[in-house]
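Student: Listed here are the chains, written in short residue letters.
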Amino acid sequence: MIKIEHLNKKFYDVPVLKDISITFQEGKTNLVIGKSGSGKTVLVKSIIGLHKIDSGNILFHDRDFVSMSVRQKQELRREMGMLFQGGALFDSLTVEENIKFPLEMFTKMSTKEKRKRVDFCLQRVNLHDVNNLYPAELSGGMQKRVAIARAIVQNPKYLFCDEPNSGLDPITAIVIDNLISDITHEFNITTIVNTHDMNSVMEIGEKVVFIHEGEKSWEGTKDDVLSSDDKYLNDFVFASNLAKRIKEKM
Amino acid sequence: MKIIEQIGKYFVLMNRVFSKPEKNRIYYKQVLIEIESLGINSIGIVIIISIFMGAVITLQTRYNLENPLIPLYLIGLTARDSMLLEFSSTIVGLILAGKVGSNIASEIGHMRITEQIDALEIMGVNSACYLILPKIIATVIFNPILTLISMFVGVFGGWAASVITGALTSTDYIYGIQYWFVPFYITYSLVKTVVFAIIITSVPAFFGYYVKGGALEVGHSSTKGVVTSSVLILLFNVILTQLMLA
Numbered sequence: 081m082i083k084i085e086h087l088n089k090k091f092y093d094v095p096v097l098k099d100i101s102i103t104f105q106e107g108k109t110n111l112v113i114g115k116s117g118s119g120k121t122v123l124v125k126s127i128i129g130l131h132k133i134d135s136g137n138i139l140f141h142d143r144d145f146v147s148m149s150v151r152q153k154q155e156l157r158r159e160m161g162m163l164f165q166g167g168a169l170f171d172s173l174t175v176e177e178n179i180k181f182p183l184e185m186f187t188k189m190s191t192k193e194k195r196k197r198v199d200f201c202l203q204r205v206n207l208h209d210v211n212n213l214y215p216a217e218l219s220g221g222m223q224k225r226v227a228i229a230r231a232i233v234q235n236p237k238y239l240f241c242d243e244p245n246s247g248l249d250p251i252t253a254i255v256i257d258n259l260i261s262d263i264t265h266e267f268n269i270t271t272i273v274n275t276h277d278m279n280s281v282m283e284i285g286e287k288v289v290f291i292h293e294g295e296k297s298w299e300g301t302k303d304d305v306l307s308s309d310d311k312y313l314n315d316f317v318f319a320s321n322l323a324k325r326i327k328e329k330m
Numbered sequence: 021m022k023i024i025e026q027i028g029k030y031f032v033l034m035n036r037v038f039s040k041p042e043k044n045r046i047y048y049k050q051v052l053i054e055i056e057s058l059g060i061n062s063i064g065i066v067i068i069i070s071i072f073m074g075a076v077i078t079l080q081t082r083y084n085l086e087n088p089l090i091p092l093y094l095i096g097l098t099a100r101d102s103m104l105l106e107f108s109s110t111i112v113g114l115i116l117a118g119k120v121g122s123n124i125a126s127e128i129g130h131m132r133i134t135e136q137i138d139a140l141e142i143m144g145v146n147s148a149c150y151l152i153l154p155k156i157i158a159t160v161i162f163n164p165i166l167t168l169i170s171m172f173v174g175v176f177g178g179w180a181a182s183v184i185t186g187a188l189t190s191t192d193y194i195y196g197i198q199y200w201f202v203p204f205y206i207t208y209s210l211v212k213t214v215v216f217a218i219i220i221t222s223v224p225a226f227f228g229y230y231v232k233g234g235a236l237e238v239g240h241s242s243t244k245g246v247v248t249s250s251v252l253i254l255l256f257n258v259i260l261t262q263l264m265l266a
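Chains as they are written, first to last, in this note's numbering: chain A, 81 to 330; chain B, 21 to 266.
No wet-lab data here; the hints were simulated from the structure.
Nothing false has been slipped in among the hints.
Distance condition first, Cα-Cα at most 25 Å in a straight line; then the derived DSS-like pairs of lysine-lysine:
#	chain 1	residue 1	chain 2	residue 2
1	B	K22	A	K90
2	B	K232	A	K153
3	B	K43	A	K188
4	A	K90	B	K29
Over 12 Å on every C-beta distance to chain A, these chain B residues come out as not near it, computed from the model:
#	residue
5	M21
6	E25
7	G59
8	G64
9	S190
10	T191
11	V215
12	H240
13	K244
14	L254
15	L265
Just so it is clear, the structure is predicted and the values come from calculations on it, not from any experiment.
Every residue gets a Cβ at the ideal spot worked out from N, C-alpha and C, and that includes glycine.
Bound conformation, chain B alone (with noise of 0.2 Å):
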């Protein structure tokens, strides 16, 4: 019962997000503030992470290929097709889940344990729509240029690797990210990753914008936010592959 009413008080909530903002100039410049603070602040991350993905995907496809008849321009088109179709859009949408997900539940709580919640209420401004949307519409922009930035850097990091470590040529590499390439992939992937923008904003920000308390509520706000997002990206990505995959 208490999930039931939960998914109805998200919903009643997000009724008052996507509602008609007092004044769309300071929305404008919300959002483009949340996609500093949410975005460019996450590329870095998104680098890091895409490169040592895509190193170790290619790492390990080799150490698994013993077999002399499968060609080793494999090894790159095997890279290239787990960053676009899984890694770069829900590996990376989880990771923001925990590093975007925990700063807004802990943000929006904050503000409502100190009241300035309260004290934009009582100004006469609709609290949650100011304070949500532009962060959903910032990283429904931005996430996808992560994605993108995370398939190029992910399957440069293989590029890197199998160089490196001599475990493939550089000519088999690239003519295997080249090989049989579906750009309906990147399209699955963008779709997927502003469906998970969508969840990694709405439901933190839905856990700190009802939270009751202290600092300490605050702190498990931001934990059943993120856990919370991280399980349902898993979920949306069954259901997304089901749709646009089978």
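Just chain A, same shape as in the assembly (with noise of 0.2 Å):
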């Protein structure tokens, strides 16, 4: 479980996250939603310590995040994983070295098991015979896959992703949504999804909160999004023509 209280954020002197209060639940998937700079990317960038935040608290299973050295942060992320924008893949390490890396730094495992481990990772993604590969040499969804399978190799407690479904077509991006849901519940990981994309919303949102210019404007399950009566909310969901056509139907 994370926790955040009262978290504020400025950028020369410019508040982009206003006094956000969430609890965001363990074993779930939590999906961030909201306008481009509307304030997510910073809120989940605050979350994990990227961003220095000016007053609130964050708490990582009651573990103060704020308060800690940064040698204690440095310890607390080996227990988070990341899937960033763009991948975020060493460019110069293939594959299978890319997701063994965070075993290489931190484990004391032997290059069988660090094999093994990677295999069972690339398994996890669906991906098979792409150890030796460049990240280059990747089309953008397997690129994603990779991503997963180097933010899970360590058995995260916490899983962050921004933005997973950027760039990659509708169908791609269902295949990551529901992988990233399918970890989250088998690993029982707290998974804070960061994303614009309504289709994500409906298929994996099990707790969605609605950031509207730095404000946390709603906060939900998927379920009840179409129903909400806040106008912010409404205008994000219903803004193609498409959805505005399907709630004339409903």
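Assembling the complex is the task here: the two chains are given apart, and the hints tell you how they should meet.
Tutor: Given below as structure tokens:
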């Protein structure tokens, strides 16, 4: 479980996050949605400490992340996995080396054990015979799957996904969404997915938080999204003509 | 004010760079990779530049020495001391600042804008230490070797130019390079090389590490890294010369 309390963040006196309090549930796929520039990415990056917050608390299973030393934060981060928007795979390493990297750095596993773990993670994301390829030799969807494999290689307690579907076709996007959701349930991970893709919301959104101009505007489940009376959420959800037509028929 | 802020930021980064590595074996492996990438791959350019520098110093000195009272072996001495004192350390340092510096700034800058540095941080890796420390260690170890190669090849280049053009005899040149040899000049040059190696790697790494934006900004950071490290090399050249030779 990740709990954030009264989180505030400014960039050069411009408030980007305003008094946000949310509890992200363990073993569930928690979605943070909102328009581009609403503060979703800043929120996720603040939670994991890539942005320094101005005020508020961030608790990982009651462990106060904000007051931790740099060393303690580094240790806690070993319990986290992150899927970045662009994958963020290391260009100069092969797929296998990318996934193996955290194991090389932080474990005393034998070469055989590391190989076995890498193969398990690759199988889990439905990738085969790609061990010796470089990221540039993979498609966008495959890169995302390798990034997921790398994120779960150390059995994380917390998984963060920043726009996991950006740049993917709708079918591959659903594959990635379902993979994230399955992994979350299988390993009982607290997963936070940052997205503006409504398909993702309806597919895997067990808990949905809507951010509007840096403020938490709405919170609920995917079943509540379509019937919400929050104006900003409705504008967001029913922005496309297709969605408007569906609403008219509802 | 911005310069002071940048200097402060540089030292904060260096504090992170010179902290305890997570796993020594991984860092040792990285140092070997960087020695190949930044050091061994620079041998070719150092040899080419040094041969021509040695040759040009010899020829220019010869054509400027018209006085028959000045012995010709002094041309060999001039070529040797020029290479030892200045060219093999400072000029080679400036050239490496261009080659190695731009490489480092663009590599780290690219990693920053593609979130690879963030990925390292999320894994719990000290990204500054992991990315920059092996480069500094590699150049501090290998650049003195490049300087020694440059000295040898530069003096050889001077000999080759004098023999090929007939500017002076081989005997005069060889006598000149042996005449009044001061071994401390090599120490002085190697000390400068070590300081320059730290500048060549850490300054472009700093500009790459803090880059924001896209490919254009990575290019700018690379330029800034090379220009700043070149200016710092010249500044520290004066400071070290005053400290060690005055």
